[in-house]
Amino acid sequence: MLSGAFRERLFEAWVEIRENLGRSSLQAIGVILGVASVLGGFSISDSQRRRADERWMKLGGMDRLMVQQATAVKDGTPTALQNANLGLRNEDALEGGGLDTKSLDGVSQQKRVRARVRSAHADQDRPVTGIDGDYLPLNGYGVEKGRAFSAEELSEGRAVALLGAEAAATFFPTGDPVGQTIRVGDVPVTVVGIFGEKIFRWRDNQGNQFAWRNRVICLPASLVARRMNGDKWQRVDTVSFRIRDLSVMEKFSEGLGALLRGNHRQQEDFRMDDIAKRVRKRQSQGDVYNIIFMLSGILSLIGGGMVNVNIQMATLKDRVREVGVKMAIGASGREIFKGFMTEALLVTGLGSAVGLLGGVLFSKFITSFLEIPLFMKPASFAWAFFLATAFGFVFALYPAWKASRLSPMEALRYE
Amino acid sequence: MQNIIETRGLEKTFGSNGTAVHALRGIDLTVARGEFVALVGPSGSGKSTLMAIIGCLDSPTGGTYALDGVSVERLSGAALARTRNEKIGFVFQSYNLLPKASIVRNVELPLLYAGLGRKERRRRALELLEKVGIPEKANVLPAVLSGGQRQRVAIARALANTPALLLADEPTGALDSKTGEEVLGLFKELHRQGNTVVLVTHDPHIAALAERKVELRDGLVVTPEQQAA
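Keeping their order, the protein sequence lines are chains D and C. According to our numbering, the residues represented by the first sequence are 1 to 415, in order. According to our numbering, the residues represented by the second sequence are 1 to 229, in order.
Chain C on its own, in the form it takes in the complex (with noise of 0.2 angstroms):
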């Protein structure tokens, strides 16, 4: 099986020499096709910073990462603006959708950047809606859903391109427990379907739920051994 995530001695800096940070200290992380794993860690750890290099949001200083068989730590700005929108559906703790645009025109905007025509925008996003369970919501702002019904229009727009990745960053920190329930609920059916889920949390018993789970401590991946330990 192929691998959608693999990187090798994957490191990453701020600063420069006097001040500089060592966020990532060389990960080497294999993440294969279909899996759903849990990337987990206390703040500090580097979790955020390596959730950024996965998402093509951000470069590497140093090392290797190939995305679904494609090496991206040397590609330009646009052509990571490229892979982010073709092959890596974001969701974020916030939902992190845009307010003034309406619900179909949120799932559509994905589309729209891959170049699709109207007509075929339109059905795409009605039919994810409606994967997600809101689809009689196509057409209000996102200021009047509740926000299990905003984290669901997130996956609805994460998916849009059919992503190789789905990549969720605490997607129910801002939820009550049983619609964090609800939303992680269609994480597993995604996950079902064939989907990679990588899902970055703090919380163990949302961990659990995946089927690996990758700990991240100072910069670097806690092998099984010292997680034992």
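Isolated chain D, as found in the complex (with noise of 0.2 angstroms):
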């Protein structure tokens, strides 16, 4: 509950504003300019981020760790050693997965070749993955028709294939893809299943950001490294680490590095790609933004708040006699000081209400433009309100305190 005096502070310091609805207005400009501002400038660029975010999300998730092959000489000619280096292996996956079983979700792997894929419709040059372990689930992909491979399939390395929704609309462009076969190289596969298609949009009307995931045409990768491109070390394009928990992910990721490098002969011919790690560098770059849209807020607020001390001031001429009689029946340079500091603050909180809404309405036309959905965090409200308030009471100092330091006698007199 407000405490007496409070309230009639408030009401009093309302009774000013309504009062003075022009003045107020003006001085309340400044404060709407801000905080719209900094909730609108924090909002589009949280939209943004959600938006990245789901991207990532769609791809698999961000709790992935990826290995993959790199070059271990940056120039110059290498070493005997260097040469000798074997590779990303089957092994790696094999030992990696079997690092931390407890925190690990999920490993996969993939061995890449391009291959003429022939069906009785389409004869094209395409890239072929070969895939093995957890590699649907950390990518993303779900079958929709017909079924994943089974274990054995994948360890023997049996002619089976899976297509992306795109591959099979054109290698089967009539009747059901499921059982056919198609020519991968030399090889004939069975199809045994298509994934459901992939969608994904920055804005309403851009196009399909993952038209190429729907174009994969996926083998066993043991099939791959056994009829098109193997090597006795039994090399490997990319390995995938799933770990849900993100707090264990460095201890993992380090473990992993040393494991790596003992397999390679402290060869760092491997990069590894920490997906959170690099979402969130991302988003360190959005803060960058953040501050700028906030600094933006600043500036409008400090102009609004000499804006408030200039009227403030010019309008204390207006009201020293107000002051002085209002002295002259009791109240004390405290009392005057706090019905000025309220009258600033209460303009700052209306006015931070009005800059909110358009904050809203700012943030809601940005993101409609840009067609993206909308989202607000209660954050943003508050650090918005937060700005307004700590800036709206530093500028009320001046003027409240000026006019608690009238003498009451010569306020009295003032015409």
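Derived from the structure by calculation, the hints contain no laboratory data. Check each hint, because a few of them may be wrong.
[What the hints assert, rightly or not] With a straight-line cut-off of 30 angstroms between C-alpha atoms, the simulated DSSO-like cross-links for lysine-lysine are:
1) Lys100(C) <-> Lys317(D)
2) Lys119(C) <-> Lys338(D)
3) Lys100(C) <-> Lys338(D)
4) Lys402(D) <-> Lys100(C)
Got two chains here, each in a separate frame; can you build the complex from them with the hints?
Structure (structure tokens):
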């Protein structure tokens, strides 16, 4: 419950604002712009990030650690040791998978190859992916028709294939592709399943950014290694691990790094890519925008604050007598000070409310223009409100102090 | 009987050494409880300055002043504000009502500063408006009232905290003679009820209504002998 004196001050401040609507609106403009700019800025960049996160989730989540082949030598001639290094192999995936079975939620490997793919309807040169382990869940694929590979098909390298939606439509424009045969290079393989169509658009009017994901043709990695692009070291192109608990990610990637360096004769011929880290890094770039938005908001609040000080000082002249009367009937300087502060803060509060509304509309407008869904965090509202109040308070101090220091006698005689 | 006002050698000097103006040069003034005193004098005689000091709106530069038995010449600004609130009721020539506040709120204001609760304030304010004869105007703004009515509101406000001293500065100066009479009648009535009234005026007819007349000239109280002269 509000204390009586405060409620009275609030009421008086409200009367003062209502009676001087024009002046009060002018005073509120700086606050409105500042709050709208902070809230709008934060919300737009939050919406953008949320969109980016959604994309990663659709790609199979952010909780992944990917290991890729890399060249050990950046420049110059590789040494004999570097030449003899064996690259990323099947055993890296197996040993890495055994490293920390408790926190590990999935391991997959990929072996890529380009091959001529033929069916009765089409004949194209296509990238083909040899997959193993938990490739499908780790990359966000779901089988829509037919079935996924069985463990036996993966381990024995059977001649089976999974097609992306676009690939299925290209090679089998009519009829059910499941059960049909395609030739990948020289190998006839049976289609056992079709992936659901993957769609992602940054904006509604954009093309499908995931079109490439509908073009995939997946075979068991062991089949690719044995019949298309294998060597005795069983090299692979990518190994991915899923670690659900991001807090142990760091520890796991250290352990994995040590293991892989050991396997690779201490050569850094692999690159570890922590998706969550990459996303965080991108988000920290987004922070720069937040700071810019906040700064522009603060500048507007400062500008508005200056205007407020000026207006307050000018109106103080008209109100000297009122202050004198209040003092004569018993208001202390402190009481006068509190009255002026209450009024300024009420203007700030009302301005903030309008500003928050403005910020919501502003963000709605911009995000609808960008055609991304709007996402607003309560923290953005809190920040905008806090900044406005803090600046409102600071800039209210001087006029209020000035008013409170008036001599009652001189104030009463003021004409 | 206890004295409400008791000053000894009260001095007030404005400005610094070179350009100093001695507004009061040693005033000895005593007003007993229940008295009706008129403070008269030509402009520049120092009566406004004396009124400001008696009203605790200003502090003297020399001498002593006890209000209702309490020495006030060394009090801080906040303490003076409290003293004004509790012990003094001001009535001004130009009413000095707050234009944006309703009549009843104007009367409530001293009670608010005194820390009274809302219901108590409202009850007391309505009672006071009844007392000055305009209970039906409680919720209107000062602008719609006539001068006489406004001055009645100002008197109600002055009486809010049952002050020890009612201090009126030319209370009829802005009124026509008929309403002036009515307002002065109200002061007389208040005096009859036991209030101490100090009335500042330059009008000898008004001063004649008081029990006692204190005349100021050049910052000093004019003694009865001088008056006779």
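Here is what the structure says about each hint:
1. Lys100(C) <-> Lys317(D): holds (17 angstroms)
2. Lys119(C) <-> Lys338(D): holds (23 angstroms)
3. Lys100(C) <-> Lys338(D): holds (18 angstroms)
4. Lys402(D) <-> Lys100(C): Roughly 22 angstroms between the alpha carbons, so the hint for lysine 402(D) and lysine 100(C) holds.
This entry satisfies every hint, going by the numbered hints stated previously.
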